[in-house]
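Listed in order, the protein sequences are those of chains A and B.
When we follow our numbering, the leftmost residue of the first sequence carries the number 32, and every step to the right adds one.
When we follow our numbering, the leftmost residue of the second sequence carries the number 0, and every step to the right adds one.
Simulated from the structure, these hints should not be mistaken for lab results.
Glycine included, C-beta positions come from ideal geometry on N, C-alpha and C.
Please note that a few of the clues may not be correct.
[Said to hold, decoys possible] For each label pair, taking beta carbons as the anchor points, the in silico distance ranges come out as:
(1) A:Ala194 to B:Glu53: 19 to 25 Å
(2) A:Arg186 to B:Glu53: 27 to 33 Å
(3) A:Asp93 to B:Ala28: 15 to 21 Å
(4) A:Leu192 to B:Gly14: 47 to 53 Å
(5) B:Glu160 to A:Arg86: 18 to 24 Å
(6) B:Ala28 to A:Thr239: 51 to 57 Å
(7) A:Val165 to B:Leu72: 51 to 57 Å
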Amino acid sequence: MIRQEDDALAGELVIGLLDEAERARCEARIARDPDFAARVEHWRHRFAELDATARPEHPAQDLWARIAATVAQERPAAEATVVPFAAPPAARRPLWDNLPLWRGVGLGAMAAALVLAVGLGLMVRTAGRTPVLVAVLLSDQNRPAAVVNAFADGRTELVPLEALSAPEGKSLQVWTLWDRSRGPVSVGLLNALRSLDLNVEHLPRTATDQLFEVTLEPAGGSPTGRPTGPILMKGNASRTL
Amino acid sequence: MPAMTKPLPGRRDDGLAQALAGCAAGDAACLRRLYDGLAPQMTGVAIRLLRRRELAEDVVHDTFVRIWEKAALFDPERGEARTWMFAILRNRALDVLRGEGRTDLVDDFEPMGMTDESVDAEAAVTALSEAGALRRCLGRLQPVQRSVVVLAYTRGLSHGELAGRLGVPLGTVKSWMRRSLLALRECMA
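Whenever a hint applies, use it, and build me the whole structure from the sequences.
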């Protein structure tokens, strides 16, 4: 009976069903009761088969650098818990001979270099990708529904922030207005909001305060070449810092 | 029960115990070796439990820091290096699951419903090696008793959560769990 109880308890520990206090009691028992420890190990070993059924996933590239940085920082504490055989007292050991210390320094430097390299790479990459002008298009409920980004090379894109599809027989049409005398010009047509390069090649370079809006039009676009349907969202371009 | 203390067959150690000894001696290259060998599987297990990649990666981070700190406490006489390290991972993940991030995570569970989770559980069972004892012994349980064990282990659901999902009293789940465990133990002895 006691064996059965212990087996069930060990199983619940391994599955993760015990509360904090019960778990702490079990951990303490594992340390002093080899029979109970063996029961726990048996369950862990058996249930490990279920861990093997999880699909392996590659962690983020920088995860190792994060671990190495934490470990390098904590090294003095970790060292204190490890007592090497017949090692001279740490205080008398010449610093130069302290291999773990230098390994730690080296590891820390490696992690720092990695962080710098990644940071630099990101800066270089984003320099070409930062828009010079941004327009946040707000819905009639004043919620940001899409963003228009205009880049230094003239490319201008629409990026949706909310899902939105035109009903059957209708289209979404993107317009821009920079000159009241010229009126709004169509720069894109789509059935559902998605990322889209806007058709601005033949237009003057996007400028501050230029208006962008999306209207609901008959399928295939406004028949008049001017917005005819309700405005779904609109916003003015602002220069980025 | 002398049979239980014998090392169990069918699992290679892959030098993991040796790498742990290296960590205990302060050799960070050994920690890297463990990371290279175990991080993808650990990340997969943590994502299955936590359902959020960032949280899962934080758990893997904490796990390797703990492995480094506690490597000297690992005793190869008393267990396998792999199970020892995965126990650290699971404990950390369960702490997060039952801790501060909890309300956040429960939201994620809601839309899935029990049917999907039962499917999850059955998929995990099907993915088990045909030759393994666990597959054979889980197969002998009633489906619902099999589900409670597999969902609790793979998704970190508590007795209370299982009772809620299955619409049965807490006491029923607890007794199912106990009966399942004893049947499994008997079958895998």
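Item to check | Hint check for Leu72 (chain B) and Val165 (chain A) - Cβ pair distance inside 51 to 57 Å | outcome: holds, 54 Å
Checklist entry - Taking the beta carbons of Ala28 (chain B) and Thr239 (chain A), is their distance inside 51 to 57 Å? => result holds, 55 Å
Checklist entry - If you check the beta carbons of Leu192 (chain A) and Gly14 (chain B), does the distance land in 47 to 53 Å? => result holds, 50 Å
Checklist entry - Do the Cβ positions of Arg186 (chain A) and Glu53 (chain B) conform to the proposed distance bound of 27 to 33 Å? => result holds, 31 Å
Item to check | Status of the given 18 to 24 Å range, CB of Arg86 (chain A) versus CB of Glu160 (chain B) | outcome: The hint (18 to 24 Å, Cβ to Cβ) holds, given that Glu160 (chain B) and Arg86 (chain A) are roughly 23 Å apart.
Checklist entry - Holds or violated: 15 to 21 Å for the Cβ distance of Asp93 (chain A) and Ala28 (chain B)? => result holds, 19 Å
Checklist entry - Would you say the C-beta atoms of Ala194 (chain A) and Glu53 (chain B) sit inside 19 to 25 Å of each other? => result holds, 23 Å
In this structure, every one of the numbered hints holds.
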